[in-house]
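**Student:** Now for the letters of each chain:
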Amino acid sequence: MQPANFIEEAPVGIAEYRITSSPGRLIALGLGSCVAVSLYDPVAKIGGLLHVMLPDSTQFNHNSIKKPSKFADLGVPLLVSEIKGNGGKSSLLQAKIAGGAQMFSGSDNGFVMNIGLRNAEMVRAILQKLGIKLIAEDTGGNRGRTIILDTSSGSVYVRYAGLPAKVI
Amino acid sequence: MNLSPLFLDAFQEVGNIGLGNAATSLSQMLNAKVEMKVPRAGFLFFEEILPLVGGLEEVVACVYLRVEGDVPGTIVFIFKQESAFYLVDMLLGQEKGTTGMLDEMGESVVKEIGNVLTGSFINAICAMTSLNIVTTVPMFAFDMLAAVLSSCFVTINNADDQVLLIETSLLQDCEQITGHFFFFADPATLDKLFSSIGFTAGTF
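Read top to bottom, the protein sequences are chains A and B. Counting from 1, one number per residue, gives the positions in the first sequence under our numbering. Counting from 169, one number per residue, gives the positions in the second sequence under our numbering.
Hints listed in this document are in silico derivations from the structure and should not be mistaken for laboratory results. Glycine included, each C-beta is placed from N, C-alpha and C at the ideal position. Careful: at least some of the hints might be erroneous.
[To be verified] Some chain A residues judged to face chain B by a derived CB distance under 7 Å, without partners named:
1) Leu29
2) Ser33
3) Cys34
4) Met53
5) Asn114
6) Ile115
7) Ile135
8) Thr139
9) Gly140
10) Gly141
11) Gly144
12) Ala161
[Claimed, not checked] For each label pair, taking beta carbons as the anchor points, the in silico distance ranges come out as:
13) A/Asn86 to B/Asn300: 30 to 38 Å
14) A/Gly140 to B/Asp359: 23 to 31 Å
15) B/Ser172 to A/Ala136: 31 to 39 Å
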């Protein structure tokens with residue numbers, strides 16, 4: 001299933017977040033171990049997409065953090081308050097997440113920590129802490145993903161290399 | 169982090185020597201002339217690195233290796249899909265166009281190229297600096313550029329958004345093979361590298 005393509009897709013780069021009202025479309029291109037968090041208020045039809053790279057900001061020196069939205073623990077609350085500040089209701093938010101793959105095969109220890117898995121776990125934990133329902137996810141595996149949020153319907157499209165997009 | 173231009177020049181020269189050696193090794197493997205662009209050294213944001221290689225969703229073959237020892241860091245090779253196929257054909261002595269996907273054999277050929285290039289890069293640096301650097305087993309991915317490169321990037325585990333890197337591209341036979349090489353230096357180990365090439369710690 002392919003999203004209709006008459007609406008421009010606004011890119012959400014790595015460690016960034018962005019919101020848009022309906023009709024609108026946000027896209028995070030080529031996620032590997034990164035996780036895209038889509039939050040959508042179906043009543044106000046406002047939604048946002050966050051592209052996190054690392055799970056936990058507390059492992060780093062606070063002063064050295066220049067982009068809080070790089071981290072799952074800081075980025076999710078930032079996206080929530082941005083949506084609230086623009087007319088969305090936190091209690092109505094529906095979350096969908098995708099990404100968190102383990103891209104590399106091989107025996108090297110560098111990937112033992114599996115950041116993709118930890119990104120997804122941290123996002124789930126933060127969503128639960130904030131009382132936001134996680135209604136769909138497509139995480140893990142070993143393939144890269146492109147994620148599109150359509151704010152007219154709240155649909156999230158997930159596209160793998162060489163395959164048509166699917167809806168979650 | 170701020171480094172003086174002199175310092176970046178020195179870092180670039182290290183890259184130049186290492187990569188010149190790597191390009192020669194690849195020439196010998198392929199029995200064909202391999203050209204190398206003058207390497208760039210600098211601090212770059214992740215968003216600046218991706219466009220050096222191609223489109224975010226473009227499918228690429230990527231070899232990732234950690235280097236350990238005196239100067240820990242990460243080495244990443246990226247070959248565009250068609251270049252990877254062509255390399256496999258050349259090395260297996262097949263007619264160009266035979267390989268249309270990377271099976272286990274193709275994957276190990278690309279990994280081996282990564283191994284040889286890294287080995288010659290590191291050897292040249294070790295010979296010049298008398299540093300002890302060892303390479304680890306290569307890891308492989310074949311997928312969207314942004315997905316593989318961002319996944320390499322997170323293993324550097326750096327809260328800072330910029331990384332110090334050496335970047336170059338290798339060309340064979342008028343761009344039939346285009347490969348990109350990245351060396352990401354671990355921030356904590358720069359002192360050692362720079363003092364080995366004659367800088368006094370604290371002056372950069």
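**Student:** Each of the hints needs a verdict: does it hold here or not?
**Tutor:** Consistency of the hints with the structure:
1. Leu29: holds (4 Å)
2. Ser33: With a closest approach of 4 Å, the A/Ser33 hint holds.
3. Cys34: holds (6 Å)
4. Met53: Holds, because the Cβ-Cβ distance from A/Met53 to chain B comes to roughly 6 Å (cut-off 7 Å).
5. Asn114: Because about 10 Å separates A/Asn114 from the closest Cβ in chain B, which is outside the 7 Å limit, the hint is violated.
6. Ile115: holds (5 Å)
7. Ile135: violated (24 Å)
8. Thr139: It is violated, given that the least Cβ distance between A/Thr139 and chain B is near 14 Å, above 7 Å.
9. Gly140: Constraint on A/Gly140 not satisfied, violated at 13 Å.
10. Gly141: violated (11 Å)
11. Gly144: holds (3 Å)
12. Ala161: holds (5 Å)
13. A/Asn86 to B/Asn300: 30 to 38 Å: Distance hint for A/Asn86, B/Asn300 is violated at roughly 56 Å.
14. A/Gly140 to B/Asp359: 23 to 31 Å: Given a distance of about 39 Å, which is not inside 23 to 31 Å, the answer is violated.
15. B/Ser172 to A/Ala136: 31 to 39 Å: violated (51 Å)
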